[in-house]
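**Student:** Use the sequences and the hints to build the structure in full.
Each chain, letter by letter, is given below.
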Amino acid sequence: MLISCVAYENGRKLADIPVEDISDYVKRPDCFVWVAQFEPSREELDKMAEEFDLHPLAVEDARSGHQRPKIEEYGDSLFAVLQPVEKIKDDDGDDELLVGEVDIFVGPNYVLSVRHRTHLGFTGVRARAEREPELLRNGSAFVLYALMDNVVDRYFPVVDDLETQLETAEEQMFSTASTRDRLQKLYDLKRKLMTLKHAVAPLMEAVGKLYGGRVPQLCKGTQEYFRDVYDHLSRINGAIESSREMLTTATQVNLALISLSENEVTKRLAAWGALITVPTLIAGIYGMNFKNMPELDFAFGYPLAIAFMVGVDAVLFWRFRVAKWI
Amino acid sequence: MLISCVAYENGRKLADIPVEDISDYVKRPDCFVWVAQFEPSREELDKMAEEFDLHPLAVEDARSGHQRPKIEEYGDSLFAVLQPVEKIKDDDGDDELLVGEVDIFVGPNYVLSVRHRTHLGFTGVRARAEREPELLRNGSAFVLYALMDNVVDRYFPVVDDLETQLETAEEQMFSTASTRDRLQKLYDLKRKLMTLKHAVAPLMEAVGKLYGGRVPQLCKGTQEYFRDVYDHLSRINGAIESSREMLTTATQVNLALISLSENEVTKRLAAWGALITVPTLIAGIYGMNFKNMPELDFAFGYPLAIAFMVGVDAVLFWRFRVAKWI
Amino acid sequence: MLISCVAYENGRKLADIPVEDISDYVKRPDCFVWVAQFEPSREELDKMAEEFDLHPLAVEDARSGHQRPKIEEYGDSLFAVLQPVEKIKDDDGDDELLVGEVDIFVGPNYVLSVRHRTHLGFTGVRARAEREPELLRNGSAFVLYALMDNVVDRYFPVVDDLETQLETAEEQMFSTASTRDRLQKLYDLKRKLMTLKHAVAPLMEAVGKLYGGRVPQLCKGTQEYFRDVYDHLSRINGAIESSREMLTTATQVNLALISLSENEVTKRLAAWGALITVPTLIAGIYGMNFKNMPELDFAFGYPLAIAFMVGVDAVLFWRFRVAKWI
Amino acid sequence: MLISCVAYENGRKLADIPVEDISDYVKRPDCFVWVAQFEPSREELDKMAEEFDLHPLAVEDARSGHQRPKIEEYGDSLFAVLQPVEKIKDDDGDDELLVGEVDIFVGPNYVLSVRHRTHLGFTGVRARAEREPELLRNGSAFVLYALMDNVVDRYFPVVDDLETQLETAEEQMFSTASTRDRLQKLYDLKRKLMTLKHAVAPLMEAVGKLYGGRVPQLCKGTQEYFRDVYDHLSRINGAIESSREMLTTATQVNLALISLSENEVTKRLAAWGALITVPTLIAGIYGMNFKNMPELDFAFGYPLAIAFMVGVDAVLFWRFRVAKWI
Amino acid sequence: MLISCVAYENGRKLADIPVEDISDYVKRPDCFVWVAQFEPSREELDKMAEEFDLHPLAVEDARSGHQRPKIEEYGDSLFAVLQPVEKIKDDDGDDELLVGEVDIFVGPNYVLSVRHRTHLGFTGVRARAEREPELLRNGSAFVLYALMDNVVDRYFPVVDDLETQLETAEEQMFSTASTRDRLQKLYDLKRKLMTLKHAVAPLMEAVGKLYGGRVPQLCKGTQEYFRDVYDHLSRINGAIESSREMLTTATQVNLALISLSENEVTKRLAAWGALITVPTLIAGIYGMNFKNMPELDFAFGYPLAIAFMVGVDAVLFWRFRVAKWI
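Protein chains in written order, with the numbering used here: chain A, 1 to 326; chain B, 1 to 326; chain C, 1 to 326; chain D, 1 to 326; chain E, 1 to 326.
Careful, some of the hints might be misleading.
Taking lysine-lysine and the BS3-like style, the derived pairs with C-alpha atoms no more than 25 Å apart in a straight line are [what the hints assert, rightly or not]:
id, chain 1, residue 1, chain 2, residue 2
1, D, Lys291, A, Lys267
2, D, Lys291, B, Lys291
3, C, Lys267, A, Lys267
4, D, Lys324, B, Lys324
Partial list, derived from the structure: chain A residues whose beta carbon lies under 8 Å from chain B [to be verified]:
id, residue
5, Glu72
6, Lys87
7, Ile88
8, Met173
9, Ser175
10, Lys185
11, Lys190
12, Asn254
13, Asn289
Honestly, the hints are just simulated from the structure, not real lab data.
All C-beta atoms in this analysis are idealised placements derived from N, C-alpha and C, irrespective of residue type, glycine included.
**Tutor:** The structure is reproduced here in structure tokens:
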């Protein structure tokens, strides 16, 4: 589905143009065309491949729409794959991460973005870019930066949310008993962190090649912008790594807490058990059939025996309480 | 066993040729010979070594058929070892991974593929290549790419299958009690992941040297294709790494779940134990032989005692239920 | 908030100057201006950006104030982000680590430091620098070093404090029983180490590029100073890594200690249980209603039975004591 | 102890020569001397150092005989340390790994091998080399390769044996109860893997420098042979790494299996306990001394009570069986 | 404290010289001065800094005496920090590792060694060096090597001792029950390994830059000696890494052994419990008050009942023994 197709000259929007005119505008100097598609049909994508002379391998990748994040050079053009990540509700009402895909073809005078599986569009990016013509004058590489920056900025709330969940889990860990739910939550968090990492880490590696040493011709003038994106990505990556490590520790500590709690339960049960078995022993003794057991004939033998049982239990209870077993 | 022996010129099939004529075709410019063998005898392989002037060390490797994946340069020719992985049923009917081996000798004007231990052939690759003469015109390096791409594409269903199994294991983990079977499945998955990793990781490393910086002369014109293969391999590798890490976490969480379940069992047993020992104590008390125990003489002493036991148990039961011990 | 704004010439302080005069002094050779701000308003920062011609991306970073430590080159100027870490008391009176941020813009003839979220100022740095004019003559790069050195030196007490806490936890580990508090402390230490690591590790990596091979023009003359900072950072980093590894081991050993303690408790309880159930069995035997039980008719049958019970328990007690179960 | 001392010319054996004549042969072009020693005395080694002009540091290393695997350049000669690993029986009849040492000095026209602590000699290597004069013509570097290849080939049965042991341990793990022996075996396997790794990994690293980029002059013509050795080493190394990781997982899974088995034992014991305590309670009830307990006067009261006990136990047994507790 | 101050010329000792004359000797060609200090006062160190024209940052480092091992270039001189490690007894009589520090300043014609916190001096090094003038002729770099070699050689007994302790712990692990002491020993070993690693690893990294590629001018002629030191360090480092990994495994296996032992204790206790509760049930049955219990009237009812109890226990005991529960 075609979302928009616009020509720009010297950083200013010229006009929305029909797809057929693309080739005309592409030939003009200082002019570039920015096309946005959403889950295009085979024909729509082929048309673009023809207009912009895209490499068949890159088009094949964009068509299948299941790539890992990467940035590849094809001659003087670039092919970038980004994975925006959004938080959605799954069918059970649980939070889930939806990993979309944005394929971006960038040449000296065109930008083509192809969105898959994500509902978040780039109209904001386009609007912002058009409000800053002095930056947009940097050409198609700046548009690549702006799209990338937008995708990367959307990682922040996701990683913040995961960090908050981790902190909640940490607080609960020591305050309440260990439950199946807690372990499930930790496992779930781990899975989401891995999902996010798969979107972030390969992209970071790829963006790291757009500034500094040998840089694609296209990005020569906008290196500082790509370094900024890299910097954001490495901040997110650092947060992910940190959370992963804390999660591993949390899982281990949880296991220790469960064992500790087993210890405490064992002691408590043993204490209560003693409070039952000791009087049982006493009762057993006075249930013996010896002819000559003077206590049995006492007028208050029975209440005294009961009192003895209660007394012994009181002493035991007090000692267990002191030892914090009960 | 010779599967086929075909000469190509400018990307088009010339003819099936007898093995003896290979040396003639190899001398022609723009012409290359593509030979496929399956578990060749010593003589068959020696014959090829002679026709194509293969390096003895490479031939030795292909003969033994137990190499790790690699790509080696011998002068201007390449020797590649790939390990196709298939899912098969073992004797017990369990899924098992079969690791085959494909050794490929590539020179400027020949390709020789030697298959070991795998039933999956490359007739599809040959057919597809012959349908696209404009690509096949790239020569023997393109055939290497096509064979490699085919082997790598076959990894995807295997890794997808392992990921599905992991997801199933994850779901079961929190829903039902931990059993020996579950642990065995996790261990089994881990072993299969390691098997797959051994096929994928060294190949990825080797393919990474066929594009970008210093590249063998042979692959100069087809770098973008090898980058595509590399990209697929690193996607698979990422999935393997991710599954490995989740498996480690799953094993740890499983241990915690087992400990948790021990905790719960202990509590439940203790609760039922109390429901038996408390009335035993009461019975013991009324079994004492004191002369003067007024209750013993009551007309309804016995049913009252029984009622007392039942009542105490009812209260205990209710409290254990509230505390979720039963 | 502007803290100070001073001009220096040949390593000596010229005067406190008003913000408006900055551009005059910046033009003079051998002269540089050193400005310090604390959580500046948007206008204050914009004013500086204008006076010193700062890059918009760096200004944007300094404004938001949530960066990871880094050092970036913009043309012939540098933009450094440092994270000072202080130990503070949180609302519950627990020790907590406060991570501040210091953004430093350095050009050939200016230094601008922007502090966020930290109460520790740099008046000491300025005073020391002014006392050593022969060093300050090295210009703005030396000021960058002095600020960096000050931030890094403040890491030492923090890491020392964490190491001391770890040592205390280690000593307690083997001397007293494992408690929830201990595990919480270990977890807490781990979290603080991760916080510190996030301040130290990226900075170390960045400072490592200010000496040795290709170095920014600005730092050419002060490489040895930056190597010294790098050296301090790698000492801190080594201490952090070491503590992290010991913490992991400590967590594992703690788990083993908890299991061991479970073992001991089980044995102790079983021993006490035997001391109760064995006499109960004896009492049960003498509670049997056989017609012909000679002991029952003995004059001292009852005291002998009691003595027998006590005797058996004494023997058991002694054996349990020998076996260290009680 | 001198094993042999032979001169070769153009790949063909000239003669067994006395040690004193070495210096004569060494001077001839196209000629090299191959000396083999086994645990030489100080004088024997000093004699060789003099004849071949060996570097004192290398001779010192060969004398002490406790080096890690390495390959060092001294001018235009090489000093290689290899560690052959053999499986032997220790005094208790258990399999143990014996790590020997082979120090090889290689110059343009000599090879000196010094064996320590290993009973496996190199007569096979010499015989094979002499059967292939066209290869031996490559000179002393080829002899180095042949010795190295021989040592490396001997790693294969060792690593295969360890892998088989691991597989056996894996199979037993899920089929029978966890025992001390199993854990000891896993630990033992781990130790052997580490021993093997210490022989393999540093050698692999060292051999990796004998082909490809900057290569010692001596090895220029035999690079492909050293790459082959490297390849074998990396196959062994991969197998070791893989086994190590599986061992770690196996240890964790074993722990989980032990906990699981604890769970099952607890349940089984509790079930049997219930089968004893419930009839005890019933017996206790009919042991109460109430005047008015009609059942006591029934003619068949006693057998009915016993039947009741048996009946209750039968029901319990059946329920425990269904729940798989017994 | 000044230990010694000696001038050398062409590898031979000239004379012990007073500190004031240092500057005279330093100017002579082929002459160098070797000064040794132990915990020098501020003035003593300042004096040396002046005589040898040392860099203030290096002097500052040597003064504080708490550096990590490193080797830094200052112009054509080197500053090396080594950490000798000795085994000492602490106040409780336990073995402890004492980490000292040796700071070495080396210029073309001087060597200054500053010792901190270690009682092991270098008189042996000096004596050996003076006995080998042909080596000492290599100048100050050779002295640096000799000092370094001496410090590194002292690591061997320490690492050997730790390995022996690990082996002892391994043997005990499977032979006797797991105790708190064992875990403490493992933890203690780990801590010592980390201490040693902190002395060895950074030094290894630093020494690795003194041979091979770009090397400080000073070390040009003695590269092979530094490679030898590097080699020793990497042998020690390998041993440390190996021990660390075995320790981690040992900790895990210990945990499994503790769980296993818990399992065994539980079974044993349950068996003994059964031997008590089963006769208690029998006694309970014959304690019931049914009118009509024929056994009660048997002449030998009582001894038969006792015999029955003993018989049942004998059967149980035999079965438990067979099942290895007792």
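**Student:** Which of the listed hints are not met by the structure?
**Tutor:** Of the numbered hints given earlier, those the structure breaks are 1, 6, 7, 8, 9 and 10, listed in rising order.
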